[in-house]
Every structure is written in structure tokens, then in C-alpha cells.
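J.: In case you want the letters, here they are:
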Amino acid sequence: MVQFSQENLLKVDKIIARYPEGRQKSALIPLLHLAQEQYGWLSVETMDYVASLLSIDPIEVYEVASFYSMYNLKPIGKYMFEVCQTGPCMINGSDDIIEYIGEKLNIKPGETTADGLFTLKTVECLGACGYAPMMQMGKFYKEHLTKEKVDAIIEECRAKAN
Amino acid sequence: MGRKLLLEKAHVEGIRYFDTYRREGGYRSVEKALKTMGPDDVTEEVKKSGLRGRGGAGFPTGMKWSFLAKPEGVPRHLVVNADESEPGTFKDRYLMEFIPHLLIEGVIVASYALGSNTSYIYIRGEYAWIVDILEQAIQEAHNNGFLGKNILGSGFDCDIHVQRGAGAYICGEETALIESLEGKRGNPRIKPPFPAVKGAWDRPTVVNNVESIAAVVPIINEGGEEYAKIGVGKSTGTKLISACGNINKPGVYEIDMTISVEEFIYSDEWCGGIAKGKRLKACIPGGSSVPILPANLLLKTAKGEQRMMNYESLADGGFQTGTMMGSGGFIVFDEDQCVVKHTYTLARFYRHESCGQCSPCREGTGWMEKLLLRLDKGQGKMSDIDLLWDIQSRIEGNTICPLGDAAAWPVAAAIRHFRDEFEWHITNAAEAQVRNFGLAHYADVREVVPA
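From first to last, the protein sequence lines are chains A and B.
In case it helps, the working numbering puts the first sequence at residues 1298 to 1459.
In case it helps, the working numbering puts the second sequence at residues 30 to 480.
Hints are supplied without guarantee of correctness; some may be wrong.
What the hints assert, rightly or not - Subject to a maximum C-alpha distance of 27 Å in a straight line, what follows is the list of computed DSS-like cross-link-like pairs (lysine-lysine):
#	chain 1	residue 1	chain 2	residue 2
1	B	213	A	1311
2	A	1311	B	278
3	A	1446	B	213
As the list claims (entries may be wrong) - Residues on chain B that point at chain A, a partial pick, calculated with CB under 8 Å:
#	residue
4	197
5	211
6	250
7	252
8	382
9	396
To be verified - Sample of chain B residues with no beta-carbon within 10 Å of chain A, all distances over it, derived:
#	residue
10	149
11	196
12	220
13	230
14	301
15	328
16	346
These are computed hints drawn from the structure, not numbers from a lab.
For glycine and all other residues, C-beta sits at the position ideal for the given N, C-alpha and C.
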């Protein structure tokens, strides 16, 4: 059964208190972030749980969760490489980086490795144009990517997972 | 060396933290405003400064504030737009990441002017680590009596909350941002009513860009008239420019808008010239949505005058031979870059980011993307160029929000200035296919328009 941790439940109350009384739906986007941090992705069950916390209809959660690109509506790997492919990153070789990661992990954009460790995703502009090419990994940015840097990141992830 | 008002202290060690920021003269504007000025006086100073909104539209900030409805007993809000999702633009990130108290200080002063007791910073969701930095800065300001109840004994209460978006460029549009803040899809609202009358939770709301709010600090410290003396014409004060692409020194620079585009690109103080000794081909000087200009029109206006880094000079000639300052996202292209390929990536971006409310935008962006992909892959037809022109002209001005224009302008400018390059992709199809610019990974996962 889906249930926020005690720590997250305390956060829920604080988040709802940011908004005017009776406008608790405003907490939906932060709560979906919280749910995704706890579960890694947003299942229908998780979204229904968030709806119940905010006393809104589940459809209100589905339509928001499916609109924003940062929410995962299906399971992803332990590490997700979100590689920017927009103009400034493209100029600086993001296509090559995407292709290299794909070859290295034997997956295509949108896929997860068989061991469930890595997901590769292409994304549109992440606001790191001066530090291109780049990707987002969890909460942080990995910038000025080279093939060597990609190798090191993958190895580091594998080492952490073991 | 240009004058620095925002980033002057950005390199001071520890400036991210309250104690250092305060020691370096931080929060003086809050003291001055709350102890010696009334809210309307603050707005008046911002008007005198001539500050234009730094998010891209360039609307006068003080005038925007003066439009705020102030019905009795109805709370009002300041919402800081930190969504920053325009390709080429990463200036607000720099400011928030390295000197967050400057933004917090500006929010307090602006909130005082607007009568906002609860203000929000809406930040793009991907800047997750900056959320932590801002929240720490807010907590420090609280701990030191600059936020919370009865700030500095002035009777003014103010709280600031940080709201993370979740990945949607459209939420940089102020009404879409408000929808998102209310926990909905980021669908722009039809205006009027404007946010100043009916904004967040139907309350009067001002939405301002991060850089605009940060600029309030030096305006109050030095006075609006002094601020207006910096720069030139209606381009007063300083402007943050985020420079990227094929240059030697990508980064965020603060300029006083009196330097030329040529100086900005080639001077060691700024971009340091074109990387690898290549020649300059073109530039998008104000974020991806503003028109691209070929080198000759970028460095000199159509009248043969030197093009300057300010609102008026960049716009000189209108869209036929000029462009816009926009957000200051400065993307430089060297001679090896393919305009068709670049235009395709932008069309893909805008198709991806269209909220889908308006048919011209929803359908038109996807159509342009497919046509551009076909042209880039050397599978296009000559009639595709005119078709592209026709599609972009039917999107522009026909949508609820400016995303339609933002999608149409790059395509129009690329065809206007680089039509020969589009034609080359058709007449040299075999070579274009060989070049193919690394699209192999893409063709596997996305529909390609049949030739």
C-alpha cells in the first residue's frame, strides 16, 4: 500500500500551509515531486494516494502528472541520464554523447538497461547552455560532457550500485 | 571594464551565505526602503530607473507594478519567475546559485512596494539543487529578522516560498506559471484579465523575472535616477547576458549596454572570440525565440551603423534586418554550423513544449518540425520552404500566448536570412544525407516524414 514516510508526511503539512486556505490543490506539484523521490516513479496507486491527501479527484492528478516532463509514469532505472539535445548542446556535440551512451549501455533513448541500472532519456533545454553538452542525473547536472567523462560517470554509478 | 551592479560580489568567497553577504553591504536596500520610504516611493524609484523587465519582453517594471490592483482587504502577491527555460538562457541560474541573497533582498523590497505579505519564487523543476540554496538563504534571512513578522520593526510582514516546477517551458509565461503555482497544467490564460487584476488564486499578482527583482536592490541603494544614468537611451542599467555556442569563453556576463556586439563577441573581457579560430556565421542574441541574424547584419545594422548590445540597437530594422535583446541568451554559430539543423532542433523544442491549447501552435509546431527534419536529412522538396514559411505565418499572432510567436520567429528568420542554405539541402540531397548531423539515434525513435 502506498503511504508517505513519516518524514514526508510532515513535509506535506508544511507544503500545504504555503498556500491560501482552501487552495490545497496548489500543493499538487510539490507533492508529486515528493512521491517520486520516495518511489522513483508515479504509479496510478501513488497518484490516487496524492489525490486523497489533497481531497481532489484522481483525474486532477493524472492530468498534471502527464503534462510535466519531469514525472516518470513508468518505472525507470536506478540512474537516469537525461541528456539535453537542444540547440546550444547540439552545437557542442550532444548528438555524439547520446549516441555514445546508447552504445555503451546498449540501449536507445527511452529505454532502461536489462539490469535495471540505467535509463537513457533525451530532454529539451535544461538551462546549462554555456556548459554544454550536459545531462541531468538525479538532482544534479553533469556538464562539459566528454566520452571520457561519461565513462567515469557510468563506472561510478556501477561502483555505487554494487 | 563595464559597471557591475548585480555580479560585483559574485566571486567573493562565501557570498552565498548571509553573514558574508551582509558584511559586503547586503540588505541595505531593505533597511532603506522599510525605514525611510513608503511603498509607493519604492515603486516611484523603480519607475525613475527605467528598468525594463529582464525576462524577455522588456516591459517597464515600475509601470507593471503601478498597474497592480489594490482592493481593500484582498491579499496580493509577488511571484518571481525563475522558470528560465528559453534555450540559450542561463543567467538567472547563475544569479540564484552564486548570490541568492541578492534575489531574496530584492523580493523583500519589491514585496514591500507591492504589499505582498506572501511571495513566491517559481523555479524550473530541474534546478533542484538551487531550490536548496534559495531555501537556505530564506531561512538565514528569517533568522536575521529580514523575513517574517514586523521586519526591522517596520510593521511589514513577509514570507517567501519556493515552488518547483516540473519540466514545462510554457510555465515561463506568466499566466501559465500562475496556473502551475495553483497545481494545474501550465496552460496559459486568456488575457484580460491580467494578473495585476486577477492573478494567483484570483488575487492581484505581479510576476517578475529573477534579474528584474535583483535589479531593484541597486536601484533602491543608489536611487532610480542614478541607475538610469547607466546604459543608453531606454536601455538603462545593466543586463546579464548568458553567452554560449562557438565562443572561447561561454558564461554569464554583466554589461552596461553601451558596448557593441562586435566587442562583446571578440573582446577577451567577454566572449573571447570564435572558438578554434573559425569565422562568425550567425548569432541569436536574445534566447532561441528571437530572430537569428547573419554575421553582417549582426555586427552592423542595415544602415551600416555599428550594432550595439542594447534593446534599441538590436531591434533596429525590425524583424527584416534586426532582432531583439529578449532574455539575453546569446547563442553564437561558427561557419561550420548548419542553420537548417539548428532550426530543426528549435522546432522540435517548441513542438515538445507547446501546451496544446491552440490548434495553430499544437499542429503547426509539429508540422514545422517534421518538414525541417525532412529538409535536414536531404529528403526535402523546394516547395517545403514556402510551406514552412506559410505555416509559421499562420502560427504567429494566432495563439493565446506568445509561445506560438516564439516557435514561428526562428523559422521565419532562418528562411529570411539563410534561404540558400535550405535550398542547398534540397539540391545537394546526397551530401546532406551524408552529413546527417548525428541524427541516426533520433530516426530510430521518432517518425520521419516520408520523402
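J.: Beyond 10 Å on every Cβ pair: is that true for residue 346 of chain B relative to chain A?
T.: Given a closest Cβ separation of 23 Å, the condition holds.
J.: The hint names residue 211 of chain B as touching chain A; please verify it with the least Cβ-Cβ distance against 8 Å.
T.: Constraint on residue 211 of chain B satisfied, holds at 5 Å.
J.: Checking one constraint from the list: CA of residue 1311 of chain A to CA of residue 278 of chain B, max 27 Å. Satisfied?
T.: 43 Å, violated
J.: Checking hints one by one. Is residue 382 of chain B an interface residue toward chain A, by the C-beta closer than 8 Å rule?
T.: Since the shortest Cβ distance to chain A is 7 Å, the answer is holds.
J.: So, residue 250 of chain B near chain A? Judge it on the closest CB pair being under 8 Å.
T.: 28 Å, violated
J.: Mind verifying the non-interface call on residue 328 of chain B? Its CB should be farther than 10 Å from each CB in chain A.
T.: 20 Å, holds
J.: Verify this label for me: residue 196 of chain B is non-interface relative to chain A, using a Cβ-Cβ cutoff of 10 Å.
T.: 4 Å, violated
J.: Verify this label for me: residue 301 of chain B is non-interface relative to chain A, using a Cβ-Cβ cutoff of 10 Å.
T.: 13 Å, holds
J.: Is residue 1446 of chain A within 27 Å of residue 213 of chain B, Cα to Cα?
T.: 38 Å, violated
J.: Holds or violated: is the Cβ of residue 252 of chain B closer than 8 Å to a Cβ in chain A?
T.: 33 Å, violated
J.: Against chain A, is residue 396 of chain B within 8 Å by beta-carbon distance?
T.: 18 Å, violated
J.: Any Cβ of chain A at or closer than 10 Å to residue 230 of chain B, or is the non-interface label fine?
T.: Given a closest Cβ separation of 5 Å, the condition is violated.
Of the numbered hints listed earlier, those contradicted by the structure are 2, 3, 6, 7, 9, 10, 11 and 13.
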